[in-house]
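There are 2 protein chains.
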Amino acid sequence: MFEFSITSRCPDTEARTGILLTPHGPLHTPAFMPVGTQATVKTLSPHELVEMGAECILANTYHLHLRPGSGIIGRLGGLHRFMGWDRAILTDSGGFQVFSLAHLRHIDDEGVRFRSHLDGSEQFFSPERVMRIQEELGADIIMAFDECAPYPCDMDYARKAMERTHQWAERCKEAHSRKDQALFGIVQGAVYPDLRQESAHFMAELGFDGYGIGGLSVGEPKTVMYHVLEETVRALPSDKPRYLMGVGSPEDLFEGIARGIDMFDCVLPTRVARNGALFTRRGRLNIRNARYADDPHPIEEGCTCYTCRHFSRAYLRHLIKADEVLGLRLATIHNLHFLLALVGEIRESIAAGTFSSLRSTFIEQYTPVDEAVRAANRAARAMAFVEGGVRRRSSSRGEAEGT
Amino acid sequence: MFEFSITSRCPDTEARTGILLTPHGPLHTPAFMPVGTQATVKTLSPHELVEMGAECILANTYHLHLRPGSGIIGRLGGLHRFMGWDRAILTDSGGFQVFSLAHLRHIDDEGVRFRSHLDGSEQFFSPERVMRIQEELGADIIMAFDECAPYPCDMDYARKAMERTHQWAERCKEAHSRKDQALFGIVQGAVYPDLRQESAHFMAELGFDGYGIGGLSVGEPKTVMYHVLEETVRALPSDKPRYLMGVGSPEDLFEGIARGIDMFDCVLPTRVARNGALFTRRGRLNIRNARYADDPHPIEEGCTCYTCRHFSRAYLRHLIKADEVLGLRLATIHNLHFLLALVGEIRESIAAGTFSSLRSTFIEQYTPVDEAVRAANRAARAMAFVEGGVRRRSSSRGEAEGT
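Residue numbers (my numbering), protein chains in the order written: chain A, 1 to 403; chain B, 404 to 806.
Among the hints, a few may not be true.
[Stated by the list, open to error] Partial list, derived from the structure: chain A residues whose beta carbon lies under 10 Å from chain B:
| no. | residue |
| --- | --- |
| 1 | HIS47 |
| 2 | VAL50 |
| 3 | LEU76 |
| 4 | ALA293 |
| 5 | ASP295 |
| 6 | TYR306 |
| 7 | TYR315 |
| 8 | LYS321 |
[What the hints assert, rightly or not] Listed next, the stretches of chain B that the computed footprint assigns to chain A, with coverage defined by at least 3 CB atoms under 8 Å from CB atoms of chain A:
| no. | region |
| --- | --- |
| 9 | 443-455 |
| 10 | 688-700 |
| 11 | 715-722 |
Everything labelled a hint here was simulated from the structure, so no lab data went into it. Idealized CB from N, CA, C, for every residue including glycine.
Turn these sequences into a full structure, and let the hints steer you where they fit.
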């Protein structure tokens, strides 16, 4: 179970293709996993996810523990049966949500005591508790409980969070009992390459079925993330899957894969879809723009998704402007299909030895429309960093969907 | 085109089966038409509607005129192409919405000047204008512009509204030019049998492809509606389809069909679905109820809808409680499937001569859970009627979806 075979390697980058076998079918890597926070990938049916080729989805331990409760899901036969999805599922550790979403009460080496963001009820997450919850949920891949350091944070803080994550990883491994569930450790260490390498070595030594890389894309510049990624991957075993948590913009897929990442998840495609931002090879298109009011073309010519095969930009714009649910669905279908098709194309290019040329062609054409906004945000963050002070922030990293 | 053949008759009621041929396929009657106010049946894709056997849907002229505009839809090839639906469509006249939804400015024999409920822009609907808008939309069946009297209203008011509706019907017939569109007249006359008969005779004399019965289920007691229906149908030609506008609860389908009605539309199944009220043979089930939290059964055993084939009450409750769009979809699918399957069963029973026994079995089992609420409403209305005064009110009759 959970055999991971590497099927091809890129000659000039760290990119590779592989197959991870799970009790609910194979996961072809590199893989993008749509996020189904509350046991549903927002707006979609499981059959629509199958149609677009999703092999594994992510569900959030924190949310499902609070509602409807992992006990209920367990008694109903587990997440797969509960949500009618018979392919692979990965549940996260809940760590990120506890720190970013819950009303945090107290953290110590034992665990985290917090209040639910839904009803204020007092809750307690420890490594053992999080393992038990994830066993009740019954995903194919479960994650060790971790403490995710914010950005920016000083090295002393980052080290403490990393060391706690290491202790918790040991306890998670100890508490892990269901052999039909793969357990992934999570590497932390913020933006400090030395810490990241130390963390990767520690996790590799402990030995897991795969390795998550947490705490990235939380506000740091892209160049920093890419550098940290390189240093981290270097220290991880090459025969196990590497999962970059909470990252999944088109450009980050290419950059992550080139640095040896096998798995991604991100709320970005689904969240921006619901706001009318649609992926194309030339960047994001904002369907609310008046220029599309009578545009009879599909979102992107040649796209084979359900939306592009049947509907015009004009119709999609009308639905989104009129707040119609079908608009959210059709936009979500297109964006997820875009990313899943893109990683599929990337897998083929790695096998064919053409990954680097696909990467440069794509990046050249693709212009994230919000680049100016990002630049402004980066400048603001740099200022805050200079002024010092550790603060917590929310971003698309590891974030759950629409909470 | 628009040939209507009656294929069987019930021996002991006015119920009958028939086929209305349209340029976009046959409509088997009695028929229930799901409401797609803004060129989408809320939450559903056209393919899901086909899967549940819908042969004709209704779209709202008023809403589509305001957004995105009938001109845009016309230039894009009409409603069918715009929304990706290649079966029949009926558009209403906009009359009911102008009176119930718009900010009414002025009505005279020429038409109605009003302000859009969306942006306050000044608009003008006349019989000729409404015909032109419906021709741009390009539905298979279009409705004459009418003035819908409220409930309660005195006989003098009802007569004036009816007479204006008659004049407008003449002008609509005159303005009707697209021969690939059937034009239905609308019978008015409030709750007064004499007026209803007069209106039905007038419309029949004028001659239409079918006849709508408007202004019912706007607050009057059910017994009054059923009586008015009998008096109206008696005066209509038997060889043309009769369409009871804005009515479609399970019990009203039986009662309307027994009185000779061939077509229905109603927002009820879709609207209550989004609130978690689900149709079963034993009445409505409120899926938000805590008793369903760990219920592994489908909404209704034996139901063949997509929702019941794949998901439990527990999952559906979770989705609805968590405000997940998939919950709205699955609930809508079930309720529409329930009604479409029910009229299908009714058609079969009429052909088999067993309609009356199906009707009594169904009504005996079916307990609308909100019966107590209805009784209270009826009492309140009766009081208001006694106190006199014509007032406008909104109800599920002819109402558009989620405006």
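So which of the earlier hints does this model not fit? 2
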